[in-house]
Amino acid sequence: MKILSMLRKREKLLFILPVLIILLVFTTFPYIINLILGCFHMDLSNPVGNRFIGLQNFVKAVNDFRFWNSIKISGIYVFVTTMVELVLGVAIAILFHKLTWGRGFFQSLLLIPMVIPPVVVGLNWRMLYDANYGIVNYFFSLFGLAPQAWLAQSQYALMAVLFVDFWQYTPFVILLTLGLLTSLPEEQYEAARIDGASGWQLTWRITLPMIKNGLTVVATLRAIEAFKEFAKIYLMTSGGPGTATETLNYYVYQTGFEYFNIGYSSALAAILFACAIGFTALFQILTKLTSEEGS
Amino acid sequence: MVTGKRKKLASQIGLYTLASLIIIFFLFPVFWLFLTSIKTRVDAFSIPPVWFFQPTIENYLSLLRDEPFLKYLYNSFFIASTAAVLAIIAGVPTAYVLARFNFKAKNLFSFWILASRIAPPMALVLPFFVMFRTVGILDTYLPIICIYMVINIAFVVWIMRGYFVQVPVSIEEAAKIDGCSLFSTLMRVTLPLVGPGLSATIIFCFMTNWSEFVLALIFTGIETRTAPVLISGFVTFEGIRWGMIGAAGTLVNLPVILIALILQKYLIRGLTAGSIK
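So the protein sequences, as listed, match chains A and B. For the first sequence, my numbering begins at 18 and goes up steadily by one. For the second sequence, my numbering begins at 1217 and goes up steadily by one.
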């Protein structure tokens, strides 16, 4: 009986215990291992020279051209995909919102690109982009444009990869924006219409300000996912040509699993993690701001 | 009056044409993949592309006959569902506590869970590798199931908390007066009320795991490979086997597309994971 009543008191703790243990074992503990590995010179292809080197891997990163390049590519990837998808997505959502019948049908078809497994998306587009047989070049040839090896030329590769992200995740923004639009109250529109406001004015002055907070969250979610992007790059360009599409995420993978430079890869991973935590904090602050303004 | 109506009709036609074009753009690649899967090699590589041709199921037959596709499909299913169920078992009680009670470290705890959702898996891959190698379970299903479970847990906690908050506390009060423990209140009263949400959450976890590629690539061996890893293997040094990619890709797409269409209402909510009301 005593044990039972003790359990009662501690029931809440018991409830969160599984998650607590799992997170400790599978996130916190690995992060600590990661930090420790990051302080070692550890090369699987040449294990003789493994030793503790303190923060030298981090110093190496600061002087590493490829590291800064990968930060730049990651930055471009996150910023461009988020912005373009947001603008396109909101524009298309406003258009779809005007459809009087069949909106549900259009909406459900839009779900398809974003639920497709990334491996299929990557290879599917690699096929479409193919320099010799790809249908993208065929469409371009209809307009008299010369065929290009989209994924093999450094001036086009990043653009081509970004475009696939637009294709896959603009529907995400469209669907969430449609959700925001349908929850808007009618009254303000009525009042504005009586005052003689045009369709454009309604959109700019009423719709956009009212969904602004929701859009902030949508953009943050997109940015977080874009920062994690790996499969599409791995399957379409492998970070190349050269380092044209090499994101930080991809560089961590390469140093660790292709060059077997475990120590340096771990140090880079720690930096990657720090960036992600920065995102998390930003995300929390933003959602807190939106929920406070909303209530 | 008549011109006004005509104008309206014209703008509606314009609107629907534009909307249809947008939809066609978003569906075209998936459709083209399917077409490639039912083309012969000659048709698949013809320029200009052929739209009408004699379809063949040779790619599908070859996939099932010459490749261990079914086995890897089973692996995908087994791994994805086991991880999803484990994540639900572990995550639901936590979601409930976060929805119902305040405690000292609540904010920190939530932040910790959220961080595990936001951090790129790549930051954890090397330590996982070291851990699983030390324990000696790299060739089993365990590593990939554990990893997927961890990824799912953050999602489960976040979304189930949203569902629990919506259940009024007053409904639970009667159960509490009857002396039910927290556990039996949750199991008998609250959980049945959020049943649809719970099922949808399991299915989304399943979908995430079913589609995942990178971690499966690193943490599965020959016996435990999942279908997405097999598909990536059709990119060989001798060339890319588009027909096989088309067939396997279409078969892997099919369940997620069906689930998405059936559960679209829940899916849209799941995508935001409780951050938008």
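Don't take every hint at face value.
Stated by the list, open to error - A few chain A positions that, by computed beta-carbon distances, are all more than 10 Å from chain B:
#: 1; residue: Leu40
#: 2; residue: Cys56
#: 3; residue: His58
#: 4; residue: Leu72
#: 5; residue: Lys77
#: 6; residue: Arg83
#: 7; residue: Lys115
#: 8; residue: Pro135
#: 9; residue: Leu192
#: 10; residue: Leu198
#: 11; residue: Val269
Said to hold, decoys possible - Restraint-style ranges between C-beta atoms, simulated for each label pair:
#: 12; chain 1: A; residue 1: Ala166; chain 2: B; residue 2: Ile1240; range: 44 to 54 Å
#: 13; chain 1: A; residue 1: Ser255; chain 2: B; residue 2: Pro1408; range: 26 to 36 Å
#: 14; chain 1: B; residue 1: Ser1415; chain 2: A; residue 2: Asp81; range: 25 to 35 Å
Since the hints were made in silico from the structure, they are not lab data. Keep in mind that this is a model prediction, so the values were computed, not measured. All C-beta atoms in this analysis are idealised placements derived from N, C-alpha and C, irrespective of residue type, glycine included.
Now for the hints, and whether the structure bears them out:
1. The non-interface label for A:Leu40 is inconsistent with chain B: the shortest C-beta to C-beta separation is roughly 6 Å, within 10 Å.
2. Taking the minimum C-beta to C-beta distance to chain B, about 13 Å, the non-interface status of A:Cys56 holds against the 10 Å cut.
3. The Cβ of A:His58 lies farther than 10 Å from every Cβ of chain B, with a closest approach of about 15 Å, so its non-interface assignment holds.
4. A:Leu72, annotated as away from the interface, keeps every beta carbon of chain B farther than 10 Å; the closest lies near 18 Å.
5. The Cβ of A:Lys77 lies farther than 10 Å from every Cβ of chain B, with a closest approach of about 17 Å, so its non-interface assignment holds.
6. Non-interface status of A:Arg83 relative to chain B is upheld: no Cβ of that chain comes within 10 Å, the nearest being about 16 Å off.
7. Interface exclusion of A:Lys115 from chain B breaks down, the closest Cβ pair being 6 Å apart, not more than 10 Å.
8. Distance check on A:Pro135: its Cβ comes as close as 5 Å (rounded) to a Cβ of chain B, failing to clear the 10 Å threshold; non-interface status is violated.
9. At roughly 5 Å from the closest C-beta of chain B, the C-beta of A:Leu192 falls inside 10 Å, breaking its exclusion from the interface.
10. For A:Leu198, the shortest C-beta to C-beta distance to chain B comes to about 12 Å, beyond the 10 Å cut-off, and the non-interface label holds.
11. Not every CB of chain B lies more than 10 Å from the CB of A:Val269, the least distance being 5 Å, so the non-interface label is violated.
12. For A:Ala166 paired with B:Ile1240, a C-beta distance near 26 Å fails the hint of 44 to 54 Å.
13. Taking the beta carbon of each, A:Ser255 and B:Pro1408 are about 49 Å apart, not inside 26 to 36 Å as hinted.
14. At about 48 Å, the beta-carbon gap between B:Ser1415 and A:Asp81 misses the expected band of 25 to 35 Å.
Checked against the numbered hints given earlier, the structure breaks hints 1, 7, 8, 9, 11, 12, 13 and 14 and satisfies all the rest.
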